[in-house]
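Now for the letters of each chain:
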Amino acid sequence: MGNKRMMRFEILRGCAAIFIAIAVAFIFILICADDPLNALYCLLVRPVFNNGALNISSIYMILARMTPIIFTGLAVCVMFSANQFNLAGEGTVMAGGFVAGLVGIYVPLAAGLHPVVCILVGAAVGGALMLIPAWAKVKLNASEMVCSLMLNYVILYVVMHFLSNVFADRSQGSVQTYPYLETARVGKLIAGTELTWGFLVAIAATVLVAFFMFRTRWGYAIRMIGINESFSKYSGMKVGGIIVVSQVIGGVLSGMGGAIEVLGRYNAFLWKDLPGYGWTGITVAILAKNNPIAIPFAALFISYLNRGCELMSIYAGVPAEMIDIIQAVIFLFFAAEQFMAKTRQKMVVKEAKEELAKKTEPAAEGGNA
Amino acid sequence: MADNEYVVQMKGITKVYPNGIAANQGVDFNVKKGEIHALMGENGAGKSTLMKMLFGLEQPTEGTITVNGEEVSLTSPTVAISKGIGMVHQHFMLVPNLTVAENIVLGMEPKKNNLFMDYKKAVEITEEYAKKYNLQVDPDAKVRDIPVGMKQKVEILKALVRGAKILILDEPTAVLTTQETEELFKELIHLKEQGYTMVFISHKLHEIKQITDRLTIMRGGKSMGVYNTADISKEEISRLMVGRDVILTVEKEQAQPTDVVLRVRDLEYTNEWKKKMINHMSFDVRKGEILGIAGVEGNGQRELVDMLFNLNMPDSGVAKVNGHNILGESQRKIRDLGVSLIPEDRMTFGMAGAASIEENLISDRCAQKRYNNGPLFNMKKIHEDSDKLIEEYKVLCKNRTQKVGMLSGGNIQKVVVAREFSAEPVLIIADQPTRGIDVGATEFIRKKLVELSREGAAVLLVSADLNEVMELSDSLIIMYNGQIAAYFEDTKDLTDTVMGEYMLGLKQQSPEEVRRVQHGE
Chain Z
1 MGNKRMMRFE
11 ILRGCAAIFI
21 AIAVAFIFIL
31 ICADDPLNAL
41 YCLLVRPVFN
51 NGALNISSIY
61 MILARMTPII
71 FTGLAVCVMF
81 SANQFNLAGE
91 GTVMAGGFVA
101 GLVGIYVPLA
111 AGLHPVVCIL
121 VGAAVGGALM
131 LIPAWAKVKL
141 NASEMVCSLM
151 LNYVILYVVM
161 HFLSNVFADR
171 SQGSVQTYPY
181 LETARVGKLI
191 AGTELTWGFL
201 VAIAATVLVA
211 FFMFRTRWGY
221 AIRMIGINES
231 FSKYSGMKVG
241 GIIVVSQVIG
251 GVLSGMGGAI
261 EVLGRYNAFL
271 WKDLPGYGWT
281 GITVAILAKN
291 NPIAIPFAAL
301 FISYLNRGCE
311 LMSIYAGVPA
321 EMIDIIQAVI
331 FLFFAAEQFM
341 AKTRQKMVVK
351 EAKEELAKKT
361 EPAAEGGNA
Chain F
370 MADNEYVVQM
380 KGITKVYPNG
390 IAANQGVDFN
400 VKKGEIHALM
410 GENGAGKSTL
420 MKMLFGLEQP
430 TEGTITVNGE
440 EVSLTSPTVA
450 ISKGIGMVHQ
460 HFMLVPNLTV
470 AENIVLGMEP
480 KKNNLFMDYK
490 KAVEITEEYA
500 KKYNLQVDPD
510 AKVRDIPVGM
520 KQKVEILKAL
530 VRGAKILILD
540 EPTAVLTTQE
550 TEELFKELIH
560 LKEQGYTMVF
570 ISHKLHEIKQ
580 ITDRLTIMRG
590 GKSMGVYNTA
600 DISKEEISRL
610 MVGRDVILTV
620 EKEQAQPTDV
630 VLRVRDLEYT
640 NEWKKKMINH
650 MSFDVRKGEI
660 LGIAGVEGNG
670 QRELVDMLFN
680 LNMPDSGVAK
690 VNGHNILGES
700 QRKIRDLGVS
710 LIPEDRMTFG
720 MAGAASIEEN
730 LISDRCAQKR
740 YNNGPLFNMK
750 KIHEDSDKLI
760 EEYKVLCKNR
770 TQKVGMLSGG
780 NIQKVVVARE
790 FSAEPVLIIA
800 DQPTRGIDVG
810 ATEFIRKKLV
820 ELSREGAAVL
830 LVSADLNEVM
840 ELSDSLIIMY
850 NGQIAAYFED
860 TKDLTDTVMG
870 EYMLGLKQQS
880 PEEVRRVQHG
890 E
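Quick note, the sequences are listed as chains Z and F, same order.
Note that my numbering numbers the first sequence so that position 183 is 183, with each residue one more than the last.
Here my numbering runs 369 ahead of the position in the second sequence, where the first position is 1.
Looking at chain F on its own, in the form it has when it is part of the complex (with noise of 0.2 Å):
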């Protein structure tokens, strides 16, 4: 193969993290021009991490980068965006304010008399790549009301804007949903019949299967070799990404729900920029189950949880736990109800990074008899149930006094679990407790939380993993645009194209089906 067929190549890339994490170990990736490339693997693998690089947002301790048969040193993304590479972000990178056009011209606004911006200009300009690309988008729309399908198309219209000619994607479907990712994918092709080269990042098997020519597979930062995707299949990807065939099927006996637990009623709540996120809600939790809650994220999941947990105050309605009020009242006094929560963002709530396994396995009960003698702290029983919950949940580590955040994304979740699993929970609620995380801390996870429910606590999951909600769930809610779209009581027959037209919005249940969910009163 002669080299000039390749538009990128990265040769023998390692990356080394301040942290010491070492999330790329030599890997070699090459992308050839006019193909859509898949780099696959699970979280954590290093894809991100690669593709970072090759945007300039962060340098490679050891390694080379070519772009276009010319060694680069892409320092930071003006570099990178110079070389012709463009990336569309997983969380946009939109000012919310402003509208689609002033987006796509940012920081290469046209000028009047050379002072003020022409923003005539910028919508033409706007409008003349929409139409060329075949991204349709409202220039003058504001980009906080536009949705995110149309988010991800001013991304792409920003990239090509500015001149790239390699687009990176970063797992583009993950907030869309089935039509908008086959808008996207009708897109991408013409982009790519257009002589536009790209890089696919997900992990989601039948996407790569249907748009993708060539697929590089990580795995523990490294590369597991290059594939054409019509020779390698689906069986044999997933065997490279995990290393082993995963069965997640978390074994569990039929659930015997009893008492009512956690009892919300009527719950509403308008955000800061008026949008009513959670509209009249009302649910209970029994004992014994696990109540899952499936839906597109931005349905209403987050702010839910966050009202249960007082990180915010609905506009009315009730919650309980065990006849007792939650709304408002201090994380203190909640948790003395018995609950515990497994925050979704467990780098902010779930941990103190910089304090040590030991010191975050205590941050909910140091006030506790059993680990005070008077007014100091028992230190040989704080040691002892430390050790005990590491071991008891696998935390893989030196010490119980290494610092939380040197451990890997799986670890740190572990701590937390074993935290909250250990505070002798009523109600659990787990808030997307293995996104992100590896596969045997995924499933040890799990299986706890089964466990857990088992032996009597109530559990509130939200995922947006469908398979998690569909495994673990005794019964369960759909969330489309702050409501409950149907209520499932048993999820053995499910399948998840019924769920998917709940969850987009295709189908409702009645208000009788869905008042279902309210057990008594």
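Looking at chain Z on its own, in the form it has when it is part of the complex (with noise of 0.2 Å):
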């Protein structure tokens, strides 16, 4: 099939795959809302409009709220991209942040300076934490889907060791560190909302990886291993540095968003627990199709639908827990392959039909014994 058609058909597919998911949403709504209609009005559309209105501090929310993500979505595109199933991304977030708000407290800076020194060590931790798994599957072929997904627990268990026992705040009522010194703070894009400088980090970060992905040798390696590896060690590439540096740099970006969210939305690291992020980032990735360019508006889509669900939760009663329904009935739809095969393999027929018709054929001849 033509690039173009196969893009019209990937678009069909996520749409169909989008509307399913919202009608299984309704289901549930019907189910446990007093007023589905209301519900859905709050899903939908109060996001944005709200009594004729725009819902100006609500918009901003969603803005801010796509800034972790965008860098996760980026995280798991890369690494999703070499054909690496990490999911380390939850745990790097983790510990990133916390290493980064934990130079936002001790290590006193200039104001400028300070926010970017702990982010780039956010970073760091995120991706040497990345070797480990990324070590473990070249080295000793173990499945990085494993050693990650595993990871994440001994970041967050280690991470809240030291928490609860070396950096908490004791005069505070819950399990926190000490406030992060001013200078360490992430500055508010707009005053008095969520929208901080982070969200345009990650704007510039997409441009960026999309440049890595599809204008660099490293980008253009990542994505061959990812289609084929065998042809990419046949062609000469180095196989194993790639896969290496593929998961280290999701390490990097899950580690930089980590420490924005956290010096920008909060005053002192207070996670308990896996913020979610990297869970998110995978679905936000799959929606993008591991395009680096799409994931902005992915990460758009699942902020908007966050925060309609918080507000069915306020005002209609219906859980918030309702996104990981309709984030779960997506990601079944987009990972299906063979979900509307069939419509594809109809526009499949169509096209060779008309190609056959432009072309000269070979006239039978005769012979019929």
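Please note that the accuracy of each hint is not assured.
As the list claims (entries may be wrong) - Below, simulated SDA-like cross-link-like pairs (lysine to any residue); rule was C-alpha separation at most 25 Å, straight line:
1. F/Lys738 x Z/Lys346
2. Z/Lys353 x F/Leu765
3. F/Lys749 x Z/Gly236
4. Z/Lys233 x F/Asp754
5. Z/Lys342 x F/Lys876
6. Z/Lys233 x F/Val619
7. F/Lys402 x F/Pro446
8. Z/Lys238 x F/Ile558
9. F/Lys816 x F/Glu760
10. Z/Lys353 x F/Leu696
11. F/Lys520 x F/Asp834
12. F/Lys876 x F/Gln852
13. Z/Lys233 x F/Gly381
14. F/Lys763 x F/Met610
15. Z/Lys4 x F/Val795
16. F/Lys738 x F/Val795
17. Z/Lys353 x F/Asp834
18. F/Lys501 x F/Gly432
19. Z/Lys233 x F/Lys738
20. F/Lys578 x F/Glu637
21. Z/Lys353 x F/Lys578
22. Z/Lys4 x F/Leu680
23. Z/Lys346 x F/Gly743
24. F/Lys656 x F/Asp859
25. Z/Lys346 x F/Val441
26. Z/Lys346 x F/Asn768
27. F/Lys750 x Z/Phe214
28. F/Lys702 x Z/Glu229
29. Z/Lys233 x F/Glu427
Keep in mind that the hints were calculated from the coordinates and are not lab data.
Mind docking these for me? Both chains are given alone in their own frames, and the hints should help you get the complex.
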């Protein structure tokens, strides 16, 4: 099939998956909401419109919450492109955020420089941690999926140990660190909202990753390995090295996302569980079909739904967990290779026939014994 | 003609694969009861696709299939078998670790006490059928230990035991020696006498003439007509198959070989089943010559190539390119020494199907200065060179961004060849470079290969296609059983009869004669 037609099919398929997901969600809404229409209104419209006017504060909230999932989405996108099913986005977000937070508390630096250093440290921590599953994969042929999944819990409990036993602010009612130095905070992009400069950094990261993936030899190698590892090896690429690089880049991106989130949204580190951005990043990357350029749009969509679910739980009594159901259904249909395969086949047949009609054909000769 | 004399009628069959290739377009195919019907055509003409539909492995996009006068929907091989259709695949579908008898009753094992497999009964069944149809096999031998010819008999028996009355034989002689082929033909005629119907897929003209009653010729996914074998000449068949009188003789000047480029000494390799695949092999390939390696497949050719490109490690031995070791070196290093490889398995090693033509063309050179501006790709240069290669190698495509997986086999191979030949190689290893691709592409690739060798590249050509090795090679090795059975300095006066004797192990040159392939040292 032509590239364009393929693209059209993929978009159609994506829309169908989303539509089905929302339809499934609506069934649940019918079951648990007193006023299903109001619930649906909260889910789909209220995030941007309320009482006939733009819901400005909510719009900023949607944009702000895109920031971490753009980073984890990009991370997953790079790793999945190399065919590495690394799921440690979750843990590296947490570790990157935690260490960046510590730098923000204990290392006094000049105002402009401080958040930059914190974020870079967070990125380095994320990258370094990803070396573990990457190295185990290349040297020991251990599944990066299992390794990285387990790594999340190791990171969680190590962070929890240091948070509650070493760095806890005992004067607070809950387990959290001392507040960050004012100089370390990631500044607000618009005063009085959750939206920080981090959002612009995320957009910049998107552009950078897109360039990296499509305009550099390393990004190219990552993609080729993802498509056909044997071919890459035969072509003379350093397959092992590139596999490690792809996962380290994933770690750097999610560590960065974690750092920006903890320094932008809160005034002290207070995560007591895995934050969930890593998992959402996987949904985002799958929605974006591993295309970095599409990541912000996928993140916007998920963030919008998130906000909708939040409003639904506040105003219509539908549990906020609805977002997980919607995400799961979208995930299912996107990942299902055979979903709408018949439609695809019909399109293929149509195109093949058009092509054949164009060609001049060898005429069958007599011969009928 | 009354319809009921046909056991199989396929009407207006069209098949479009998910990758958009229309392998069959409105094909009619009818088989009479008790005949051996040849299905002929070049590779890619759609023969296999048509037969896969008859055996239920694929479903037609359009058209109807009638078996014994009843319209059927063959949704799986199980359904096809229940209608009395059996297929003998080109690549045997046998379990190597099981015995012949176990393979034959696989999935329909006779039971003892309804619980255990009755092995004795399985052997009895095997022997009974083997005797009845005169297909001699050893029921207790493990399939991995038996020769190819016997494997084929096991496949045929498997189909017969399952009640097949119509047998589809997919290029049954491709893997057989001449003697085995003769034997097979006797057995097939014996089956025919007992009322069986056979569809015989092949593109070997003399075999078709020898054994079949009627033939259907396919070309480009369409049927070119049905003929009585006796009434049609070989020349006519050939014309219908390829559409024009193709004479695949490549004009080439006398080779002027100079220095040794590839030197191989005492190479040995034992495979994972402890079979010695390469036994003390030594040879040299010189600059400016094409050294052909001929032989029946499975005599160590594939293992040899794998080792020269470090896809496998030998037990011992030496292989050097211009004095530098290549055994166990990274593919990067081997390529940097100027070695190019056209891999036998192009789908696995030669290309990334979901990537564009352009991306496939730069895979070995993406790190070169020429294509990079600092950290970024120099897209302009990449586009320029890709377009140039697509044009020079006549790759039929929409443009450079088209996915390679969407191209036809011949064009995929042209992409592989364009990349490998444009790397300015000092040594080209071409492993089955034209297998399964159309005549036009074949001719083109062969010409290029000769051209490059005359410009000074050393070429090692491995091919199971006798015509190809004889036409292209300046000198020739015949491999048999992991060894060099013969070396011919000049291929001009070589005949296929002579080659056949060495290929089948009937003859073997003396060590002194073979040693002539080592030039110096």
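Determine which of the earlier numbered hints do not hold for this structure and return their numbers in increasing order. 1, 5, 6, 8, 10, 13, 15, 17, 18, 20, 21, 22, 23, 29
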